[in-house]
Amino acid sequence: MPQSRRQKLAVRFREFLPGESVIDQPTSLAAYECDGLSAYREQPLLVLLPETVEQVQQVMRLCHEERLPVVSRGAGTSLSGGALPHAEGVVLSLAKMSRILKVDHLSRLAVVEPGVRNLAISEAVSSQGLYYAPDPSSQIACTIGGNVAENAGGVHCLKYGLTLHNILALKLVAADGEIFEIDQRSLQSDGYDLMPLLVGSEGMLAIVVEVTVKLLPIPRCARVVMGVFDSVEKAGDSVAAIIAEGIIPAGVEMMDNLAIRAAEDFVHAGYPVDAEAILICELDGTGEEVVTQIERVEEVLKKGGAVETRLARDEAERLLFWSGRKAAFPAVGRISPDYYCIDGTIPRKSLSAVLAGVRELSGQYGLRVANVFHAGDGNLHPLILYDSNNEGELEKTEELGSKILQLCIHHGGTITGEHGVGVEKLGEMCVQFGEPERNQFHAIRECFDPLRLLNPGKAIPTLARCAEFNAMHVHNGELRFPELERF
Amino acid sequence: MDAIADVDIGAELATQVAAVAAAGGAVEIVGSGSKRFYGEPIEALPIEVAAHSGVIDYDPAELVITLRAGCRLREVEALLARNRQMFGFEPPYFGVDATIGGMVASGLAGPRRAFAGSIRDFVLGAKILDGRGETMQFGGRVIKNVAGFDVSRLLVGSLGTLGVILEVSIRVIPMFETEATLVFRHDSADEHIRWVNQLGSEPYPISASAWSGGLSHLRLSGSEQGVCHATGQLGGDPVTPEWDAIREQSHEFFVPDQPLTRISLPSACTDLSPQAPQMIEWGGAQRWLYGDVDIDSLRRQADPLGGSVCAFRGHASEIRVFHPPAPALLKLQRGIKSSFDPAGIFNVGKLYPEL
Numbered sequence: 001m002p003q004s005r006r007q008k009l010a011v012r013f014r015e016f017l018p019g020e021s022v023i024d025q026p027t028s029l030a031a032y033e034c035d036g037l038s039a040y041r042e043q044p045l046l047v048l049l050p051e052t053v054e055q056v057q058q059v060m061r062l063c064h065e066e067r068l069p070v071v072s073r074g075a076g077t078s079l080s081g082g083a084l085p086h087a088e089g090v091v092l093s094l095a096k097m098s099r100i101l102k103v104d105h106l107s108r109l110a111v112v113e114p115g116v117r118n119l120a121i122s123e124a125v126s127s128q129g130l131y132y133a134p135d136p137s138s139q140i141a142c143t144i145g146g147n148v149a150e151n152a153g154g155v156h157c158l159k160y161g162l163t164l165h166n167i168l169a170l171k172l173v174a175a176d177g178e179i180f181e182i183d184q185r186s187l188q189s190d191g192y193d194l195m196p197l198l199v200g201s202e203g204m205l206a207i208v209v210e211v212t213v214k215l216l217p218i219p220r221c222a223r224v225v226m227g228v229f230d231s232v233e234k235a236g237d238s239v240a241a242i243i244a245e246g247i248i249p250a251g252v253e254m255m256d257n258l259a260i261r262a263a264e265d266f267v268h269a270g271y272p273v274d275a276e277a278i279l280i281c282e283l284d285g286t287g288e289e290v291v292t293q294i295e296r297v298e299e300v301l302k303k304g305g306a307v308e309t310r311l312a313r314d315e316a317e318r319l320l321f322w323s324g325r326k327a328a329f330p331a332v333g334r335i336s337p338d339y340y341c342i343d344g345t346i347p348r349k350s351l352s353a354v355l356a357g358v359r360e361l362s363g364q365y366g367l368r369v370a371n372v373f374h375a376g377d378g379n380l381h382p383l384i385l386y387d388s389n390n391e392g393e394l395e396k397t398e399e400l401g402s403k404i405l406q407l408c409i410h411h412g413g414t415i416t417g418e419h420g421v422g423v424e425k426l427g428e429m430c431v432q433f434g435e436p437e438r439n440q441f442h443a444i445r446e447c448f449d450p451l452r453l454l455n456p457g458k459a460i461p462t463l464a465r466c467a468e469f470n471a472m473h474v475h476n477g478e479l480r481f482p483e484l485e486r487f
Numbered sequence: 001m002d003a004i005a006d007v008d009i010g011a012e013l014a015t016q017v018a019a020v021a022a023a024g025g026a027v028e029i030v031g032s033g034s035k036r037f038y039g040e041p042i043e044a045l046p047i048e049v050a051a052h053s054g055v056i057d058y059d060p061a062e063l064v065i066t067l068r069a070g071c072r073l074r075e076v077e078a079l080l081a082r083n084r085q086m087f088g089f090e091p092p093y094f095g096v097d098a099t100i101g102g103m104v105a106s107g108l109a110g111p112r113r114a115f116a117g118s119i120r121d122f123v124l125g126a127k128i129l130d131g132r133g134e135t136m137q138f139g140g141r142v143i144k145n146v147a148g149f150d151v152s153r154l155l156v157g158s159l160g161t162l163g164v165i166l167e168v169s170i171r172v173i174p175m176f177e178t179e180a181t182l183v184f185r186h187d188s189a190d191e192h193i194r195w196v197n198q199l200g201s202e203p204y205p206i207s208a209s210a211w212s213g214g215l216s217h218l219r220l221s222g223s224e225q226g227v228c229h230a231t232g233q234l235g236g237d238p239v240t241p242e243w244d245a246i247r248e249q250s251h252e253f254f255v256p257d258q259p260l261t262r263i264s265l266p267s268a269c270t271d272l273s274p275q276a277p278q279m280i281e282w283g284g285a286q287r288w289l290y291g292d293v294d295i296d297s298l299r300r301q302a303d304p305l306g307g308s309v310c311a312f313r314g315h316a317s318e319i320r321v322f323h324p325p326a327p328a329l330l331k332l333q334r335g336i337k338s339s340f341d342p343a344g345i346f347n348v349g350k351l352y353p354e355l
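Protein chains in written order, with the working numbering: chain A, 1 to 487; chain B, 1 to 355.
Honestly, I wouldn't trust all of these hints.
[To be verified] If you want the footprint, here are the derived chain B segments under chain A, 3+ residues with CB under 8 Å: (1) 58-64; (2) 117-123; (3) 132-142; (4) 260-272.
[As the list claims (entries may be wrong)] Residues from chain A that face chain B, not an exhaustive set, calculated with beta carbons under 8 Å: (5) 158; (6) 161; (7) 196; (8) 220; (9) 240; (10) 246; (11) 416.
Note that these hints are calculated values from the structure, not bench results.
Small disclaimer: the values here were computed from a predicted structure and weren't measured.
For every residue, glycine included, the Cβ atom is placed at its ideal position computed from N, Cα and C.
Next up, chain B with everything else stripped away, as it sits in the complex:
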């Protein structure tokens, strides 16, 4: 725990929030800013939380780490790695100083998500400041816990609209003994989608998949024997892995000066075939498109398929970033937002204009 600063500014943050609430103001919660692009742009007084740092509890044998939200992801991953452990969901950084709070609030996960689980699946507990400046603690530091509604997991992906995340307990997993990446030729997206879903019905130790430009990449992770056995059965050619580049969107597929769109669909769905270059991850469920695409039309197509379309980066400002929710779900979300933040001071409009 040597490298991670131990600074508790929880009390100062509570005072700031209470003052803003009393003055009828509004704030934008800012960590390192690495994921500030994600969501609608908002104009509000920034409240800086990255200084709130420190490891509250980490005993590797418990498979749980409890952190102040300002901890740098890179320092935490280094600490876990020293103990041969890691986060199962392979979080993207999008900036060297990415914080744990931003990781949880954005809910963004990397290539292993479809095979190991989402951030939500690993969050066990959280301490937050609500819109009244009150500190509340939910969940806990144990893997199984069904006491009370599961508020800590609700925070994942809420983009800071419910409160300031002060601390979070996250389940960790052991590092794999070994990994191998194989490449296969599949000319069309549909061919890849069928193939990767068929593989899912077999107990192979798959930990990532990606398709673009006619090539399917598959990562296997596990014990020496398990990976070796699967490699023998699957065939394919060994190749230098590019998973970090895919996770960080620095891979050559992600053309920086073009709008980037994320389509989320049930993994085996082949009923939506956009006419733009695609990168397909997560066993078929996450599909990136670059270039100018008609977001509204894609949303109309994705809706009946159980999917959603996110205008991830670089789109025109009049396009809504997130897929508009069904009216019943929007109503529930507005109720939940105001139960945590009755005066509407946190990241208002960041997720939806209505929240």
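Chain A extracted, bound-state conformation:
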């Protein structure tokens, strides 16, 4: 990109943005080259950091006039390359819009700017006995605007839902700079419900400039029981058995042996390192309720073949049990130079079959895979261990990841439960959805952004992209799973 274009544009943006809010120096731009999926990098023309809604509107008007692609970005923690810059476009960082505008205790809601960190919301309202439920593992850093863009989940979604279920209103700036609002505080709105389209749209439909979140009362009591198993199958079946008891745990997490050992080595949570799988099950509610339910869960785990069950004796031990699971990703990072996180979701009943398939693929590719699993809602996170210094190993890893995702589709699941498609899973989108559905996605996008300026090239693959992907993955004219339904 010729330097002059960058400089000319920087001058125009500085007409309404403070000087330091327009980043145009290559050394500073480098910090925005990638998000949490660091294998993909691109330098944008400019990075813009508006501080007000009006500035966002001005940015969008100028981008619209100049036909500049716009990649919006929060904290850049996306694991799917959703915030990967466009070489001929700008990165619109909402990080400076980080004020909590209003907390309404009676209505149990908070109005926040998009750059507010997820955890900062709960911290700000905890003294009032309230919290914001979705808790993605990056919650210390990730922003609410990014959570909306990705429909972020976390370990408590089985009971408390995803971002979509915890948002009451959005203020947005459209691709042409106009403001529009989706207000669902009244719980019933007439007309099409645009909220589910916008939440999880990966920055392709509009720019989120204000979010009204639902706050919940902090449960009076939370307790955790750990089940230790000599097979992943028994652990998986025990999750179904808990649900069959009519109990919805606040969270049920599962880890396999490799993940257990890595986590134990890292945080010393007291995990049994010779176990094939552990289940960590949390229940919350009133004290009386939790005490009886946790006894029932312990029974179910024992009946399901747990070789041992451990009830966290106090809050400190509860947090200790969680610490290993919450540190699972960095723990795996310590035993391997690099790791690659997969995000498939499957019906729970297919867990054994899918894990067996993952084991087989892992052997075929000669790459170790550690499994952590939001077992309650079927969301698998296989972590592929690799070394990017070895020639071709990243490519091999990506291919293995793609195979795992196609296995998830084959078992009636989906290629992404909470991390988004981004640039990473465009190919697999061609397997999950047929051409009519993909065309429909493009048509919906054009209703919001006719010039296709918002995060172009992400989330929804083009026809050409799918032709290319299928050419690579179709063998002897046959698809890998010819019997599977295309959706």
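Knowing the structure of chain A, use the given hints to seat chain B on it.
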């Protein structure tokens, strides 16, 4: 699954739609007709979808059921109940033969909505016929899924204007161990609204609230211990529950021969006090009025408060049923409508005259 008919007329429906599209015609999608009153009256060739019935997949341990849209709600709820499960949003029937498709298309939920979630919150996937007669499938049968735009949830409340819903996957929840209904005296609507919102900040297992005629009813649902504990703390008097009657609008409040208006407002809002008898549900967010009211005036008042006013039943025909959308939102909705139904054949005018 014994009681639910297994009949797949998807191919016939696709042929019908394609024929209508080719002839430049228009249709009204009709299930059992139980919610046909909801929305603007339209005149178009009915396309009957209630025969498209059957359970595609139901494994109680997955907490998901996948159904053909013609399934009768009553049969599905019976099937769920046999497995100690239910729909979280407590859907109204408004007719014994109410179908799953109508439930989704109308988006109407019952007393538990404010506490458990809306139909939209529970829909996971759908198969539809678009205006070209093409079958498309969105979402899936798993609880967490962020692949592609969430079209299946867009269908909820779209009143059949986007396409024929063929199949839908819905998350279900376990039945509660026990329930209790308590009654409290609150003379004014404002007093009830403040009280019920204050309760919301405490972790009580509330599953429904309703106020009318100076009495607040509160339903608690959950484990024996949780409900018993909350009952002890809240006080109030135990009373025979009337939630089914409230849901079906057969409760004595709903005078049948008077126009019925629905006002939706942020739950704690006390800035709109209509001079007509009210039934207040959903923790304050849903307010029913009966009698002759000035809808336009209410809409002007509700707009700045973030609310909306629906001329639900029995209003004069010149009054628009649904709250007119802001111009920017109407434009988006028109674009979305034509992306699914380019020739405008499905339920044209049912939602807004412009769609």
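| field | Status of the hint placing residue 161/A at chain B (closest C-beta pair under 8 Å) | value | 7 Å, holds
Measuring from the C-beta of residue 246/A to each C-beta in chain B, is the shortest one below 8 Å? 4 Å, holds
**OP:** Take the region 58-64 of chain B, compare each residue's beta carbon with every beta carbon of chain A, and decide whether three or more fall closer than 8 Å.
**Re:** holds (count 6)
message = Less than 8 Å between beta-carbons is the criterion; does residue 240/A satisfy it with respect to chain B?
response = Residue 240/A check passes; min Cβ-Cβ to chain B is 4 Å, inside 8 Å.
Measuring from the C-beta of residue 416/A to each C-beta in chain B, is the shortest one below 8 Å?
5 Å, holds
Would the stated hint for residue 220/A survive a check requiring a Cβ distance to chain B of less than 8 Å? 6 Å, holds
query: For the region 132-142 of chain B, do three or more residues have a beta carbon lying closer than 8 Å to a beta carbon of chain A?
result: holds (count 8)
How about residue 158/A: closest beta carbon in chain B under 8 Å, or not?
7 Å, holds
- Would you check chain A against the region 117-123 of chain B, counting CB to CB pairs closer than 8 Å, and say if three or more residues qualify? holds (count 4)
For the region 260-272 of chain B, do three or more residues have a beta carbon lying closer than 8 Å to a beta carbon of chain A?
Per the Cβ count (6), the hint holds.
With a cut-off of 8 Å, does the beta carbon of residue 196/A approach a beta carbon of chain B closely enough for the hint to hold?
Residue 196/A check passes; min Cβ-Cβ to chain B is 4 Å, inside 8 Å.
Hint compliance for this structure: no hint is broken.
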